[in-house]
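As given, the protein sequences belong to chains X and D, one line each in that order. Using numbering that gives the first Met the number 0, read the first sequence as starting at 0 and increasing by one per residue. Using numbering that gives the first Met the number 0, read the second sequence as starting at 0 and increasing by one per residue.
By construction, these hints were calculated from the structure, which means they are not laboratory data. It should be emphasised that the depicted structure is a prediction, and the values quoted were computed from it without experimental measurement. Among the hints, a few may not be true.
Just a few of them, taken from the derived set where beta-carbon distance is under 8 Å, the chain D residues facing chain X [claimed, not checked]:
1. M0
2. T4
3. H7
4. E15
5. Y18
6. G20
7. A22
8. T23
9. D45
10. N46
11. L48
12. Y54
13. T71
All C-beta atoms in this analysis are idealised placements derived from N, C-alpha and C, irrespective of residue type, glycine included.
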Amino acid sequence: MRFLSRYSALSLARRALTAARWSRAWRAAEPRAAYDVIVIGGGGHGLATAYYLAGRHGIRRVAVLERSYIGSGNAGRNTTLVRSNYQLDGNTQFFEHSLKLWEGLSHELNYNVMLSQRGQLVLAHGPGQFDVLARKGNIMRLNGIDAQLMDRAEVGRLLPFLDYSASCRFPIYGGLFQPRAGTARHDAVVWGYARAADRLGVDIIENCEVGAILREGDAVVGVETNRGRILAGRTAICVAGHSSRLAAMVGLRLPVESHLLQAFVTEPIKPFLDHVVSFGAELFYISQSDRGGMVFGGHIDGFNSYTQRGQLAKARTVAECAVALIPAMSRLRILRHWAGIQDMTPDGSPFIGRAPLRNLYLNAGWCYQGFKATPATGWCLAHTIAHDEEHPLIRHLSLDRLREANGYDEYGLGLKTYRQ
Amino acid sequence: MLRITCPHCGERDYTEYRYGGDATKTRPAHGSGDRDAWYAYVFEFDNPLGAHREYWQHVQGCRQWIVLERDTATNAVGRSWLARDGEPR
Numbered sequence: 000m001r002f003l004s005r006y007s008a009l010s011l012a013r014r015a016l017t018a019a020r021w022s023r024a025w026r027a028a029e030p031r032a033a034y035d036v037i038v039i040g041g042g043g044h045g046l047a048t049a050y051y052l053a054g055r056h057g058i059r060r061v062a063v064l065e066r067s068y069i070g071s072g073n074a075g076r077n078t079t080l081v082r083s084n085y086q087l088d089g090n091t092q093f094f095e096h097s098l099k100l101w102e103g104l105s106h107e108l109n110y111n112v113m114l115s116q117r118g119q120l121v122l123a124h125g126p127g128q129f130d131v132l133a134r135k136g137n138i139m140r141l142n143g144i145d146a147q148l149m150d151r152a153e154v155g156r157l158l159p160f161l162d163y164s165a166s167c168r169f170p171i172y173g174g175l176f177q178p179r180a181g182t183a184r185h186d187a188v189v190w191g192y193a194r195a196a197d198r199l200g201v202d203i204i205e206n207c208e209v210g211a212i213l214r215e216g217d218a219v220v221g222v223e224t225n226r227g228r229i230l231a232g233r234t235a236i237c238v239a240g241h242s243s244r245l246a247a248m249v250g251l252r253l254p255v256e257s258h259l260l261q262a263f264v265t266e267p268i269k270p271f272l273d274h275v276v277s278f279g280a281e282l283f284y285i286s287q288s289d290r291g292g293m294v295f296g297g298h299i300d301g302f303n304s305y306t307q308r309g310q311l312a313k314a315r316t317v318a319e320c321a322v323a324l325i326p327a328m329s330r331l332r333i334l335r336h337w338a339g340i341q342d343m344t345p346d347g348s349p350f351i352g353r354a355p356l357r358n359l360y361l362n363a364g365w366c367y368q369g370f371k372a373t374p375a376t377g378w379c380l381a382h383t384i385a386h387d388e389e390h391p392l393i394r395h396l397s398l399d400r401l402r403e404a405n406g407y408d409e410y411g412l413g414l415k416t417y418r419q
Numbered sequence: 000m001l002r003i004t005c006p007h008c009g010e011r012d013y014t015e016y017r018y019g020g021d022a023t024k025t026r027p028a029h030g031s032g033d034r035d036a037w038y039a040y041v042f043e044f045d046n047p048l049g050a051h052r053e054y055w056q057h058v059q060g061c062r063q064w065i066v067l068e069r070d071t072a073t074n075a076v077g078r079s080w081l082a083r084d085g086e087p088r
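Based on the sequences and whatever the hints tell you, model everything.
Structure, rendered in structure tokens:
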């Protein structure tokens, strides 16, 4: 039976040809009185953490608590980009580890996360910017990561529909291409990790909101929820957007402000844009979904908010970027737009690891780069929880790095949350 | 569109302003060597869900810094005043 409950061509054929129905992909678990580990937050990061805790570290009395349904937060609100073109030592290796996990994820989870390694091109609009990309590409290649520097003619062959006109405000000078970058299906990632974790015995408890974190002295011992008190040996917080509120429950102030990032999707059109493209003159990135919609996003709104509703002025700026880059976009209509609440940190990098309280672990501050980090975050946070010591790949992302003047400002934007 | 009232120029779109962050923080004394106080001032945020008091500069108007009361759960704005004058009584 276990064999047949795996997803495969055989199980598909069996259900197509017989009356057999698909069973639930994961149980609707009732909370138990106590667990070894509680993960607060049923997004990609939380579920991946639970999966690797159970699968790699043999800790199976694990609960994932989600206040709504799983994947209802930022996991369902991003633009699904996956890449590893980071230049600061530490980030480069961490995100490459994540991309390698992505590459095997569908097999590992027995769930098609629809990874599409269509390649990402970051554009340069002048020689200075081109030099920066060349440097980044060299760093990537020295770390064994694929990167190709392209001049204007090569970009033109790859993407003939960009604006190459003489009157163009930001002429295209060249770009850096990472062939292994791409997109993945965000819901499938959440569901795949949930199903795989559930099979290893993890309880996924939806509609379970944490109202208080229980302490005994300097140790965290569990949580109080709307479905009762649940005790835990160790507790992890993976609640992007609301990290400050959870941390405040134990008296912690974080270097985090909650800001909005909007994303947009147009009406579906025939296959047009084969790659992910990032504009170099503004923060703007675009890809085409499998359905045909152009999916794009830009910069954060610029002031802190929990509304999950973006400002129209920013929508206009982003639309202007789209048309400046791809003039043909002007004929498309936007079908939907939405906003996610980002944990913005002063240096634009997250922090993962032990919190200042015993048995509490923090995973927060992902800004707008959390989706691509999902597998590696789960991998490293699970290791950190299991061993009560940070995984080597995340040691540079400690909570106290800013106190020690070791900010990790990947884009050199200055230590302000609203500038990142 | 978020609309912010400038004491000099009246109610304007937020795009005329530049955001300046949490206005409730107290800057440590000049020359202070208290690293914890500087860390809290520069890097930590209350980041509340609800009432928030923040700086905005009216860069496309009178260029004055103002303090605005805003609810971060709804973006509803409350009072605003010139930062240099302090909260009106």
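Practice item. Could you tell me which of the hints above the structure violates, numbers in ascending order? Key: 2, 3, 4, 7, 8 and 12
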